[in-house]
Amino acid sequence: MGRKRNPWPYLLVAPALLTVLTVVFIPVVNAVSMSFQSYDLRRPSRIGFIGLGNYAEVLSDPLFWQSVWKTVVWVGVGVGFQFLFGFILALLLNRRFFGRGIVRSISLIPWVTPGVLIGLMWRWIYDGSYGVLNDILLRLGIIRDYVPFLARGDTAFPAVILTIIWQGIPFFALMILAGLQGIPEELYDAADVDGANGVQKLFRITIPSLRNVIFVTTLLRIIWVSNSVDVIFNLTEGGPAYATQTLSVYVFNKGNSLNLGYAATMSILLALMLSSVAVVYLRRIFRNQEAAR
Amino acid sequence: MKRSPAGAAKNLVSYLLLAGMLVFLLFPFYWTFVTSIKPESELYGKTVTYWPRKATFESYTRLFSDYNFIRPMTNSLIVAASTTLVSLTVSLLAAYSFSRFQFKGRKFLMTLFLTNNMFPTVLLLIPLYAIMRKLGILYTPFALILAYTTFTIPFSIWLLNGYLADLPPSLEEAAMVDGANRAQAFVRIVLPVLMPCIVATGAYVFMTSWNEYTFAVMFTNEANRTIPVSLKNLIGQLGVEWGMLTAGGIITIVPVCFMFFFAQKRLIEGLTAGAVKG
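Keeping their order, the protein sequence lines are chains U and H.
When you line the first sequence up against the working numbering, it's residues 15 to 307, in that order.
When you line the second sequence up against the working numbering, it's residues 1225 to 1502, in that order.
Just so you know, the hints here were simulated from the structure itself, not pulled from any lab data.
Computed beta-carbon distance windows for the label pairs:
| id | chain 1 | residue 1 | chain 2 | residue 2 | range |
| --- | --- | --- | --- | --- | --- |
| 1 | U | Gln80 | H | Leu1395 | 53 to 59 Å |
| 2 | U | Asp159 | H | Ala1279 | 28 to 34 Å |
| 3 | H | Thr1313 | U | Phe229 | 32 to 38 Å |
| 4 | U | Gly67 | H | Val1272 | 51 to 57 Å |
| 5 | H | Gln1408 | U | Phe229 | 41 to 47 Å |
| 6 | U | Val207 | H | Val1247 | 36 to 42 Å |
| 7 | H | Pro1420 | U | Gly65 | 51 to 57 Å |
| 8 | H | Leu1241 | U | Asp159 | 27 to 33 Å |
Ideal Cβ positions, reconstructed from N, Cα and C, are used throughout, including at glycine.
Chain H extracted, bound-state conformation (with noise of 0.2 Å):
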């Protein structure tokens, strides 16, 4: 039934569609790559070419010899890693009081971390500038992991909330039963089962952090400016170079592109599984 050929020709019809989506979709980062690896001559050159005639990665050790990449890329990973782990062990507690117990002000508790999500970033910016000011942290990497957990704890609380929700709590109780206390049952039961999901939850949160950059460009200062504020600087400071810009593009890309096919699978899972029930 599905080899007639009006069937063949609406299969053609939508990977065709498929096809120019995924060009769409993905052209930016091809062109940005072949920019990157074109020698100067031919980014500005008379004819736009789609391949370089000559590739060089020039542009990739010029980022690190003369812009001196490498403290931007430390920074980021500073910062991300230890975002990452403030955000997952603070939400992680609170995750499993929420999933575990029914208390006083719980639905309120809640909805006061999903309203966290919906500030204006921008409503946020100044006020923190001056309260990061005041606690000397302003310009030091702890300005930006105070500031990104105004939204990866209650987007890491509401993840951590699903995949706790899924799991029954007769597993904890059957080793609660056996004598351990709450805190031994949840490290050697829970937290296995979990791991996957944490393990997702913090490479989203790896991820946003590593990507910020509204907060970054306020917060730091030229010692530890992170590679979003790296790149943006790189057009002031040297007018604007498209090598070596790119080449930052793709080295900020790559990382985030590991972790996301990592973390893909349970990440989704979690991200659509408070709007597709109910």
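Next up, chain U with everything else stripped away, as it sits in the complex (with noise of 0.2 Å):
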């Protein structure tokens, strides 16, 4: 047909392709590269080509593989039970009451909230001199004595993944929310109709018209929460003794020690095992806006 082929469209996609080429895709195939050198900026002399010495050295150091463990834990229990708090919530919001738009607004800003901020409020509610949750829990009774809870190895991971938990909690209940109120009323006119009780509502129409909303969203969260630094590191820094150390807070202690080698491996090592995720969350992603169209 001899179409002549209209320039536009690329020329509007250049400038952010561009953007995104130098600071995403140059800086992959660097780390690609650093991982396979020795790069240790404290050893500049021995900067060099090793092959695969890097991996090799990493998949047999314990720490890593300790931190591998502790992100699976970080991102299971975590995103498990911020998508359960996150349903309740949104069922809770769903139902028509005084105030809800405001209650709605209010209950997400967690979510919003720096990491930071999220790693220095919560270090404060947990201090082991001062701390309110030390002063709560011997109102209740709970605890005898003063808990040091980011100190002790055994509380720390807990208390972490608490954090995070309450972080992601607003997340899940935007989502949900937008999804519950889809589903056509008449579905559950027609339940009544039949009998059904609030249980089989539930797992007859809620559950299974939120399907989507729920896969896309986990999806979403478990790659955000595996890859998030800045809370467990304004926490602990990944300690007492790493026992909150996941892999990308070990990556980011690397890197400040200046084994960028190492480091890199390390990263590159978790951008495969969250490729997995992330191939599934983009087919699912990409099927939805077909349809959509």
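Two chains, two frames, some hints: make the complex.
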């Protein structure tokens, strides 16, 4: 047909594309190449190609495997409870009551709070000498003496997980609430006619209708929570004795101690682990977008 | 029917649940605020007080007089505002292209932008540091602005594309029939209609840049530190001064809350549209 190709769509995308190529794709390529080098800024004379040396070292590093395991627990328990509480909150907010609009917006505030501030606020709450959590638990008779929650190996990790749950509830609630509002009322009316009870309606109508929202939101949260550094770093910096060091935090700490080759290697392994989640997410998003047109 | 005792009990339970949930979600903010207006003596006293016996704004004044908190606030404002401007401009062009043209490679490019959000921050952090140093913009606001586009551009494109897809193309086509070219039609017709959505997207970009810590701690020095980095540094420099820290926290969160309340309706529509449809 000899159709002339319209250059405009490409020109319009070009600025965004160029920026993103510079700040994302070049760094990714650099990270890959760094991972094949001994690249420790404290030993600049030894910088050079070492093949799979970093990978071999990382894979035999017990701290790496420990941080992988920590990441799995951090994401599994964290996102799991974010979903559960977010779902409950969404169901509660979906009812009609006075002041619902205001309640709905203020309950979302944790979601827009900076990670550093979240870390600081909770660090103060968990404080072992003047912390309010200790005071509350003492008054309720649950503990007898103040507990330094973030300094103890057994309480630090649950404490940081509780914090990330707190942070993630609003986003789940927001997405699920939007999903709830899209369920046609007639479905429930029909169920009422059939004499279904509340639990049946929840499992037969509500949850199946929300399948897509839950799926997409969960994948997105898994990616965000695995990548999150600021909350843990500002609570414990990964300590005590690496008890709260997830893989992202480990990479960040290694980067700070200037062993860039090692850090790059671990970050690539993290990206590879997450890519499986990302692929599923992207597929689903695309199907939705095409279906929506 | 709704007035049955069982129904009332059910209502009561759900209100109690909601109240409990809200206390959990909001208590940390309340606590931060209360801490920020307590005098030093009460902060580290024997008993924990839930409302200050004597409220004072001393921590706030000290934050500005002793620590010069105005500087990180200005830095954050510059970085966040510039990031917003840059991201919105380039994303709007790209989103318009994706939503209005069918072209070869469209799907590929859209995937490319979406995948950007998936890369771990820590993966980009180290090579970006080297790139910024080579470009000579390390320790300047440009480093952060550029770094923040890694996540703000993909996200803005995604949001704006969704909003634009909801606007019928016939809107501009009508204007183009009347003799306007595409650019004129875009500026005169699409832009005004889309404005609330652009504002919402901008608010989101502003909030995420204002809040960001991981890049900021690596790419800034003393002179151009942003608020999150300064807050963290307050711990290192002064020992732990919870009065000033919490005061800084309150100052950080107030503008974010304002923006969020202002933009939330459109923002939530945009965020949820992709997931809810389909």
